[in-house]
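Chemist: Chain by chain, the residues:
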Amino acid sequence: MNLRNVILFAIMAALLVLVGFLQSPSVAMGMVNMCLISAIMALGVNIQWGYAGLFSVGTMGFVALGGLAVVLTSMPPVHEAWSAGGLGVLGALAIGALTIVAAVQAWKRLSPGLARLGALLVILVVGFVAYRAVLDPAVDAIEGTNTAVAGYLGGMGLPVLLSWVTAMGLAAGVAWVIGKVSLGLRSDYLAIATLGIAEVIIAVLKNEDWLSRGVRNVNGLPRPVPYEVALQTNPTFLSWAEWLGLGATEASSLFVKACYALLFAVVLAIIMWLSERAWKSPWGRMMRAIRDNETSAKAMGKDVKARHLQVFVLGAAVCGLAGAMLVTLDGLLTPGSYQPLRFTFLIWVMVIVGGSGNNWGSVLGGFLIWFLWVQVEPIGLWLIGLLTASMPEDSGLRAHLIDSAAHVRLMTMGVILLLVLRFAPKGLIPEK
Amino acid sequence: MDILNALVLLANFVLIPAISYGSQLALGALGITLIFAILRFSHFAHGDVMAFGTAGVILATWALQAAGVSLGPLPTALLALPVGILASAAILLAADRSVYRFYRKVKAKPIVVVMASLGVMFVVNGLVRFVIGPNDQNFADGARFLFTVREFRDATGLAEGMGIRISQVITVVVTAIVVAALFWFLNRTRTGKSMRAFSDNEDLALLSGINPERVVTVTWLIVAVLVTMAGTLYGLDKSFKAFTYFQLLLPMFAAAILGGMGNPVGAVVGAFVIALSEVGVTYAFRKFLEYLLPDGMAPEGLVQLLSTDYKFAVSFVLLVVVLLVRPTGLFKGQTQ
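Protein chains in written order, with my numbering: chain A, 1 to 432; chain B, 1001 to 1336.
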């Protein structure tokens, strides 16, 4: 950390403090939380792109899987649903997995030719029919039980913080499968493939109601921090709030947000420490060697495909962790809210603006871009208000412009990305 | 056994929608494949430029409608097409001059240009939402049907019917004309030949005196035509929504890669393969089988392989299978 970087981070902190004074401490604290999560997502993307040069735009998928992991880990199990169709679903999943394994084995073991293709098709068709035959009735049974509040299998009822670990596992597992299939493709083919897989993951979350309740959302997730209502009736807390000169509502909301911020900061610190260690280790040097010249790294005996798979899985796990933290903070899983512009491409802007290949850069990018993402909207509204002030009150154009001001932030992000790519391609904090 | 009814049913629910959707995808995929062939990068802003051009068409259509102009049974949007093409040509050329040209000059890695196209995607996406908003817009007018299901049933006396919408006829006719014109242009005209030469071997093309900037400009203009047509036809057939157009990126890329990146014939074939699989896999075949199978053997379920929400999974799976089995695509595309 040289002086310049310290100054950059100090400016960022000052901006957040300014929000605290100008808007409200609670808004600033909420923003800090989102900044911390964004920084972790950016670190995940930086591991894939900065360390290894993998252009994966499937971030949204891993973030969503992290969110799903929170539900699967921390929600209490729905016993009626399990007895109605739990076994059926498990059986169907087992059949599905067996089919895929059998198909892969057939492809590997049989000699190429029409016979192999035929065998593969038979395995896939029979497997798929069996899978659907077992799954469909089980899913109907599950979704039929107490649809208004449940209609899904629920989770395991474990502590919510544990779900952050399972989120990493789930995202890593899925990333391993995806990586197995799509790594080794040309860089922009990998991008298309990962873009596709992210959409598929979101489609699963939206439609497999037995798993995630689909678009009916899961709310009331357990929280790792106290509830505001509980604090407001706690005499000790109230006396503290009084001593600080804050109202009970404001103090409790601030306290909860600060608890989250503390948790997130600890996670960020751990990830950051591990990332930096990895970057400086022989492993990190090897990854950079592969990134900068694949052919020569191969010639040195490095297993490029295996290393790519490794780093892809690691990055996905970090993104999954960030996704789990986000859902924990919100307290609900809304599969409909995952949008590629927000959860994939915005994270890429963070990494590139911050400085790809530099962990500190990614953290700064995560903070700065999230800050702008939130603040550009009111600024845009203000600017448009200024521009349209001279127009007549009932002008249709004026109303349209003011309504559309929210979309200014997409343009701003694009312009920032283009400017950084063009004039400072190494980002705010360049790779050393 | 009732083969005729089964075929009519299949045509109405699978073949006709797939052919018109495939035509729309083909126009989009042709644009992607041309950009890849000439400029050598994957154009991520394609879906959003498509939305931008279509937004131009919609605004012009509204203006024409307000002025009382109409094409009778045909949609007014056809008259408004030039406006949309101008709009998308303007944005593509502006993006090229302000963004892509720099990377061409410094011979940046393709991946850097792809990232720049992400930036352009953000800007254009924002512009579209700013101009026309994020909601559904309907701009189809004129007659809706060439003939309806009921008319078909009454005329033929079959139990099943088949309807053809005007928008579907227009889609197929326009696509046929545009694709034929494009292939004529690429194969017969001097400029088209120079584009192909540039795509095959850049250095040799430069040596033989081809002006690269001119080739690039012509490419963007052709892409503007293709992309606006694709977007307008899709919007007439279904409806216009900025986010849907962004999502079309995946099937369009899948079609281009399936056919072989950089190969125009491949893009058209790939588009129809993708469209047929998407519609076919998400269609419930129960009634179709009821007609074909003997009484009592009809299946109980819907015989729908996947719910329609998984249509993206179809293009994704096809894409991955092709990349694994035959990375150059069905027709030999460019490898680099």
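In case anyone wonders, no lab produced these hints; they're calculated from the structure. Warning: the hint list may mix true and false statements.
Derived SDA-like pairs: lysine to any residue, alpha-carbon spacing no greater than 25 angstroms straight-line [what the hints assert, rightly or not]: (1) A:K206 to B:T1282; (2) B:K1107 to A:I402; (3) B:K1332 to A:R398; (4) A:K206 to B:V1099; (5) B:K1241 to A:S187; (6) A:K426 to B:V1099; (7) A:K206 to B:Q1304; (8) A:K426 to B:R1104; (9) B:K1107 to A:R398; (10) B:K1241 to A:I402.
Have a look at the derived ranges for each label pair, beta carbon to beta carbon [said to hold, decoys possible]: (11) A:D403 to B:Q1065: 19 to 27 angstroms; (12) A:P378 to B:Q1065: 17 to 25 angstroms; (13) A:W243 to B:S1239: 56 to 64 angstroms; (14) A:L117 to B:A1284: 25 to 33 angstroms.
Please read all numbers here as calculations on a predicted model, not as lab measurements. C-beta atoms are modelled at their ideal positions from N, C-alpha and C, and glycine is treated no differently.
Chemist: Can you name, in rising order, the numbers of the hints this structure does not satisfy?
Modeler: 2, 3, 4, 5, 9 and 12
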